[in-house]
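Peer 1: Spelled out, the chains give:
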Amino acid sequence: MKKRIYYWVHEEYRDKPIIAKVILETKVLINILVAKMKPQESFLILELSGSEEQIEKALNMLKKYGEYEDIPKTIEKNKERCIDCGACIVHCPVNAISREEDFTIVFNEKECIGCKNCVKICPLKAIEVCEI
Amino acid sequence: MKTIREINEKIKKGDAVVVTAEEMIEIVEEMGPKGAAKEVDVVTTGTFGAMCSSGVFLNFGHSDPPIKMMRTYLNGVEAYSGLAAVDAYLGAAQPNSDDDIDINYGGAHVIEDLVAGKEVRLVAEGYTTDCYPRKRVSTTITLEDLNQAIMVNPRNSYQTYPAATNSREEKIYTYMGTLLPEYSNINYSGAGQLNPLQNDYNRERKTYNTIGIGTKIFLGGGIGYIIGEGTQHNPEKAFGTLMVKGDLKTMSTKFLRAGTMPNYGCTLYVGVGVPIPVLNEEVAKACAVRDEDIQVPILDFGVPRRDRPVVAKTNYKELRKGEVTIEIYDNELKRWVEKTVKTASVSSYKKSREVAEELKRWILNGDFTLSEPVAPLGRGSCKPMKAEAKLVRDILSRPPIVARPNISIEEAARILTEKNINHLPIVDEEGKLLGIVTSWDIARAVAQNIKSICEIMTRKVISSTLDEPIDVVARKMSRYDISGVPVVDSSGRVVGMVTAEDLSKLLGHRKF
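As given, the protein sequences belong to chains A and B, one line each in that order. Sequential numbering of the first sequence, starting at 1, is according to UniProt numbering. Sequential numbering of the second sequence, starting at 1, is according to UniProt numbering.
In short, the hints are calculated from the structure, not lab data. Where a beta carbon is used, it is the ideal one built from N, C-alpha and C, also for glycine. Be a bit skeptical, because a hint or two may be false.
Computed cross-link-like contacts, DSS-like style, restricted to lysine-lysine with a CA-CA straight-line distance of at most 25 Å [said to hold, decoys possible]:
id : chain 1 : residue 1 : chain 2 : residue 2
1  : A       : K57       : A       : K120
2  : B       : K285      : A       : K77
3  : A       : K125      : B       : K451
4  : B       : K386      : A       : K125
5  : A       : K120      : B       : K206
6  : A       : K77       : B       : K254
7  : B       : K237      : B       : K249
8  : A       : K79       : B       : K254
9  : B       : K171      : A       : K79
10 : A       : K27       : A       : K16
11 : B       : K249      : A       : K79
12 : A       : K125      : B       : K118
13 : B       : K390      : B       : K476
14 : A       : K57       : A       : K79
15 : A       : K79       : B       : K350
16 : B       : K68       : B       : K10
17 : B       : K339      : A       : K77
18 : B       : K285      : B       : K317
19 : B       : K350      : A       : K120
20 : A       : K77       : B       : K12
21 : A       : K79       : B       : K2
22 : B       : K432      : B       : K386
23 : B       : K317      : B       : K334
24 : B       : K206      : B       : K171
25 : B       : K254      : A       : K120
26 : A       : K36       : A       : K3
27 : A       : K120      : B       : K342
28 : B       : K249      : B       : K216
Partial pick of chain B residues on the chain A-facing surface, computed with a CB cut under 8 Å [claimed, not checked]:
id : residue
29 : F48
30 : T174
31 : T178
32 : N187
33 : K342
34 : V346
35 : R475
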């Protein structure tokens with residue numbers, strides 16, 4: 001299975017190779033989708049792949065060094081405003097936006113990581129993404 | 001052979017055969033143009049895209065005491081009112097007068113709000129006269145309160161439009177949307193096989209078969225008319241445009257929408273649909289145009305010039321697939337390489353279809369009959385502006401003053417003072433740019449006791465070329481907050497230096 005989370009590293013572990021440690025100990029595959037290292041916080045968006053057991057183990061480990069949160073429903077298309085042009089598609093780093101046969105633009109909430117690239121470029125301001 | 005009158009008789013009786021331009025493709029394929037002309041009476045077309053050259057003439061009625069409006073603002077967006085007392089023209093691309101709002105709420109947004117029935121703040125000022133004693137007026141209006149709100153769009157419904165990509169190493173913001181660095185996306189616009197002018201284009205004669213002045217059309221969800229060829233109309237090159245008018249009071253926000261191209265400007269998305277009477281075989285044949293028949297050049301918007309280089313040629317069918325493979329020159333590998341690039345539309349094909357379908361429904365219901373044009377479209381003209389481009393090569397006078405990286409800080413300081421300059425490009429033995437040292441860097445070296453040029457020079461240098469317009473150099477300096485750029489030739493050799501001083505002398509020159 002796959003699980004995507006937001007992860008904030010506790011200040012005292014910021015300079016430690018926590019993700020590497022979790023990978024080595026649990027054998028879970030981790031894809032770092034976003035990493036923001038700032039003086040006041042280090043924030044990551046992670047995608048964990050493995051068995052249910054492995055993922056649980058990995059989450060328990062991550063909890064020791066920081067806080068995680070399930071990614072909430074992030075992306076929403078305002079059907080009134082959207083004109084289904086498709087200008088947003090190429091700006092999505094995780095292919096969460098696609099076009100159907102009839103040219104309708106669809107958003108896959110499960111894939112969205114909340115980066116807001118699409119929100120910024122949408123000429124119609126038709127995409128809403130939850131604040132992280 | 002049929003006449004428009006005969007077709008209208010059929011429409012009124014409910015006997016007319018009406019199909020969309022998409023449906024017509026298959027019909028012509030099956031029956032041939034002759035058979036299709038016999039079978040089909042009307043082909044409906046549609047397009048829905050960003051059309052900046054749009055706007056509305058407004059008449060507010062007279063206030064008491066009356067005012068001659070000279071500066072007119074609607075929700076903070078200025079409308080041109082250098083007309084009679086209470087007439088104004090609100091352009092779609094006009095930004096907000098409040099810099100903080102700017103392009104996020106402009107003329108197009110006011111137009112959409114009016115159509116949505118929302119209240120709009122009107123503030124106007126004028127000079128006073130014996131007949132117009134009022135200086136200022138401030139009130140709230142809705143579309144209903146206006147005597148007239150006539151949409152008149154000087155250029156809509158481009159027959160086709162070049163696609164856009166970006167060769168630069170940075171993201172750029174254009175009227176074709178946001179273009180990622182190094183050819184990472186291709187944006188295109190246009191309804192292709194559904195476009196009104198495309199379906200009416202006579203490829204042999206380079207004219208339009210049925211469209212003319214007075215053709216009744218679908219405009220923004222209401223009924224409109226073609227009032228002539230649009231600005232920059234260029235039928236010779238299959239780049240026709242339309243000038244259209246319609247009553248804003250009959251339009252709907254389903255087919256008229258405001259948008260903002262990020263860091264570029266605001267614009268109005270307009271739905272335009274034209275019915276084409278299938279009078280004969282020739283008309284039917286033109287209506288069978290397919291996406292793959294319409295060639296679309298891909299231009300490099302990374303080049304900030306009027307004539308942008310053509311990177312590749314493709315067509316609407318390829319573009320709509322979602323990716324196109326182009327050949328680009330790789331500067332590191334020093335050879336041409338293939339790159340598959342994702343494509344994205346900035347107009348809506350889905351909405352274009354809805355326009356054609358809606359117009360078809362109107363005709364089938366007998367609500368919309370066709371009009372007889374009173375004259376064909378004019379020949380148009382699309383030539384460049386008579387304005388000289390000042391290039392970097394035009395303003396470079398003296399030979400470049402450069403230095404090698406092994407000179408001392410003192411030597412660098414001496415060169416700067418002796419030559420009375422502030423920027424010293426550092427070059428290798430072949431004269432190729434390595435970095436730049438400014439007088440400020442020298443000051444820093446002295447303060448921090450730094451001894452080597454290599455330690456203080458800036459290595460990531462913003463540079464220019466001989467063929468770059470000086471306006472582009474000025475934008476670079478302002479954007480990167482720098483006061484000078486070295487000019488390099490194609491091999492990277494420094495050939496000169498352009499400074500903010502050079503530019504201010506040029507742009508701020510005085511006659512007296």
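Peer 1: Compare the structure with each hint and give your call.
Peer 2: These are the hints, each one checked on the structure:
1. K57/A / K120/A: 37 Å, violated
2. K285/B / K77/A: Not satisfied, since the Cα-Cα distance of roughly 40 Å exceeds 25 Å.
3. K125/A / K451/B: Answer violated: K125/A to K451/B is near 54 Å, above 25 Å.
4. K386/B / K125/A: 38 Å, violated
5. K120/A / K206/B: The hint is violated at about 41 Å.
6. K77/A / K254/B: Since the Cα atoms of K77/A and K254/B sit roughly 16 Å apart, the hinted pair holds (cutoff 25 Å).
7. K237/B / K249/B: Cα-Cα ~36 Å, so violated.
8. K79/A / K254/B: Holds, at roughly 11 Å.
9. K171/B / K79/A: 28 Å, violated
10. K27/A / K16/A: 18 Å, holds
11. K249/B / K79/A: Answer holds: K249/B to K79/A is near 24 Å, not above 25 Å.
12. K125/A / K118/B: 19 Å, holds
13. K390/B / K476/B: Holds, because 16 Å separates the two Cα atoms, which is no more than 25 Å.
14. K57/A / K79/A: 40 Å, violated
15. K79/A / K350/B: 13 Å, holds
16. K68/B / K10/B: 50 Å, violated
17. K339/B / K77/A: Cα-Cα ~31 Å, so violated.
18. K285/B / K317/B: 19 Å, holds
19. K350/B / K120/A: 22 Å, holds
20. K77/A / K12/B: 41 Å, violated
21. K79/A / K2/B: This hinted pair is violated, its Cα atoms lying about 43 Å apart.
22. K432/B / K386/B: 37 Å, violated
23. K317/B / K334/B: Since the Cα atoms of K317/B and K334/B sit roughly 31 Å apart, the hinted pair is violated (cutoff 25 Å).
24. K206/B / K171/B: 38 Å, violated
25. K254/B / K120/A: 23 Å, holds
26. K36/A / K3/A: 20 Å, holds
27. K120/A / K342/B: With a Cα-Cα distance of about 19 Å, the restraint between K120/A and K342/B holds, given a limit of 25 Å.
28. K249/B / K216/B: Measuring from Cα to Cα gives roughly 17 Å; hence the hint holds.
29. F48: It holds, given that the least Cβ distance between F48/B and chain A is near 7 Å, below 8 Å.
30. T174: Where the cut-off is 8 Å and the nearest Cβ of chain A is about 12 Å from T174/B, the hint is violated.
31. T178: With a closest approach of 5 Å, the T178/B hint holds.
32. N187: It holds, given that the least Cβ distance between N187/B and chain A is near 7 Å, below 8 Å.
33. K342: K342/B check passes; min Cβ-Cβ to chain A is 4 Å, inside 8 Å.
34. V346: This interface hint holds because 5 Å falls under the 8 Å limit.
35. R475: 22 Å, violated
Consistency with the previously given hints fails for numbers 1, 2, 3, 4, 5, 7, 9, 14, 16, 17, 20, 21, 22, 23, 24, 30, 35, ordered from lowest to highest.
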